[in-house]
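*Asks:* With the hints as your guide, set chain B onto chain A.
Given next are the chains, with one letter for each unit.
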Amino acid sequence: MSAPAMGTSKTAHTDSSHKKKKGPGTLAIAYLVIYNVVMTAGWLVIAVGLVRAYLARGSYHGLYYSIEKPLKFFQTGALLEILHCAVGIVPSSVVLTGFQVMSRVFLTWAVTHSVREVQSEDSVLLFVVAWTVTEIIRYSFYTFSLLNHLPYLIKWARYTFFIVLYPMGVAGELLTIYAALPYVQKTGLYSITLPNKYNFSFDYHSFLILVMVSYIPLFPQLYFHMMRQRKKVLGHVEEYSKVE
Amino acid sequence: HVYLQYSNCFLVFHVFVSDPQWYPARQSIRLDPKGKSLKDEDVLQHLPVGTTATFYFRDLGVFLTEYAGPLLIYLMFYFRVPFIYAPKYDFTTSKHWVVHLACMCHSFHYVKRLLETLFVHRFSHGTMPLRNIFKNCTYYWGFAAWMAYYINHPLYTPPIYGEQQIRLALIVFLFCQIGNFSIHIALRNLRPPGSKTRKIPYPTKNPFTWIFLLVSCPNYTYELGSWLGFTLMTQCLPVAAFTLVGFIQMTVWAKGKHRSYLKEFRDYPTLRSPILPFIL
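Chains A and B, in that order, are what the protein sequence lines are. Read in order, the letters of the first sequence are residues 1 to 244 in the working numbering. Read in order, the letters of the second sequence are residues 245 to 524 in the working numbering.
A hint or two may mislead.
[To be verified] Simulated coverage check for chain B against chain A, where a stretch passes if three residues somewhere in it have a Cβ under 8 Å from a Cβ of chain A: (1) 348-357; (2) 477-486.
[Said to hold, decoys possible] Simulated pairs of lysine-lysine, DSS-like, Cα-Cα distance not exceeding 30 Å: (3) A:K155 with A:K232; (4) A:K186 with A:K72; (5) B:K379 with B:K501; (6) B:K507 with A:K197; (7) A:K186 with A:K197; (8) B:K332 with A:K186; (9) A:K197 with B:K339; (10) A:K231 with A:K155; (11) B:K499 with B:K440.
Simulated from the structure, these hints should not be mistaken for laboratory data. Each residue gets a CB set at the ideal place from its N, CA and C atoms; glycine is no exception.
Isolated chain A (complex conformation) (with noise of 0.2 Å):
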């Protein structure tokens, strides 16, 4: 559900009108500019790094390894978008923002790397490669919107790519859950049972189900806000061409 991360931002910095509100000032537009090319450049690493192991082994088993590190290491960094709208450098919604960092991160963390056994599943495949090319094209997009310098292109991606790259995404993290399943109930990762002098209890394995069930209503909402967006977007520029 957090595969194309696209819908957070309400102007995407600069791509919508001339609005000049109070934004953010140079030295933050020079960092942001850093930080969306390092961004982009982290995930084209990803990117090449995977066709590379492909070409390498001549099959699509296991490619998570070899990849592994910077996937950890980017998406990991994403947190910082958190601080960037809580700072207010960027003009999108903190839960949002948060909501969508962090459900990717649990997903690289809590359940990916915590569970081995998933590991060498194609599903995980499905939603790193969903990821890989959502994230270079939104974050080539930023770069190029904070230079005022965004090309067609970029955009038309950005708000075309998600239709099959959105579903992709959630199929490979729904699969990768759910194949994490067993694991969990039979290690009892995580998981907290009663007596205990805190009286708490925790279960992961019920947790994992409640997350893949949430899935059901939050899923169609982002997914037809993207839909509305790239008609908005998009729109008035075919309008534009036709009356031409």
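*Replies:* Frame of chain A, contents of chain B only:
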């Protein structure tokens, strides 16, 4: 046609005749059962009997549901209603005496709140959207169930430091319950019925109100104290979580109230903090 307007604790139920001659009498009233405001009578005079009627119900339904819910839910866990715990525990109660004490305290707290809502509080003009009611009820009921589940669980573990801990916790709890009640009474007495004037609350003869010297919203301070006491008494993590969330919310409210006091009154005492003396 009929429409409903929810105004704080009033459910204003308007019935309009389709004849456009009769204007809708739209007003949200203050909570005061004794004072019949003049406006009501004006409206009734203008409307012939039988064609239009405006009913004003005093509906404290919101608060009653918010508070009666946790009261009843907790009791369901306490009495081990079937399907919550394993069948062999159905309709039994815990053998630990602190569990009985906790039930009494929790129930006392919500009964007190219900009674205060009915007899003590004066509500100022305002509306509560329906969405808030749903959200509040989910919050109160959800947490009540979560806490009650563990406290009344067959595998409940009593506090580490035993009787000492429980005794201290009970003292803190009762002290803060009395304190909270004292503040509510003091706030009620600040504003006589029907009056619109707002005044700065000050300590009264009741020692529990002396905290007004240091804090703007001592009702929240005492509320926090009560729940800290309950946490200590039950040594239960969900209770601690509930206390923390409540504390955060009350701090937000206290800061808001404090700010509006400062804005409204030039001579507002500078020593006061919003919720925690000198700290917050």
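*Asks:* All hints are to be evaluated individually against the structure, with a verdict given for each.
*Replies:* Now for the hints, and whether the structure bears them out:
{"no.": "1", "hint": "348-357", "verdict": "violated (count 0)"}
{"no.": "2", "hint": "477-486", "verdict": "holds (count 5)"}
{"no.": "3", "hint": "A:K155 with A:K232", "verdict": "holds (12 Å)"}
{"no.": "4", "hint": "A:K186 with A:K72", "verdict": "holds (26 Å)"}
{"no.": "5", "hint": "B:K379 with B:K501", "verdict": "holds (22 Å)"}
{"no.": "6", "hint": "B:K507 with A:K197", "verdict": "violated (47 Å)"}
{"no.": "7", "hint": "A:K186 with A:K197", "verdict": "holds (24 Å)"}
{"no.": "8", "hint": "B:K332 with A:K186", "verdict": "holds (26 Å)"}
{"no.": "9", "hint": "A:K197 with B:K339", "verdict": "holds (17 Å)"}
{"no.": "10", "hint": "A:K231 with A:K155", "verdict": "holds (12 Å)"}
{"no.": "11", "hint": "B:K499 with B:K440", "verdict": "holds (23 Å)"}
Against the hints set out earlier in the document, violations occur for numbers 1 and 6.
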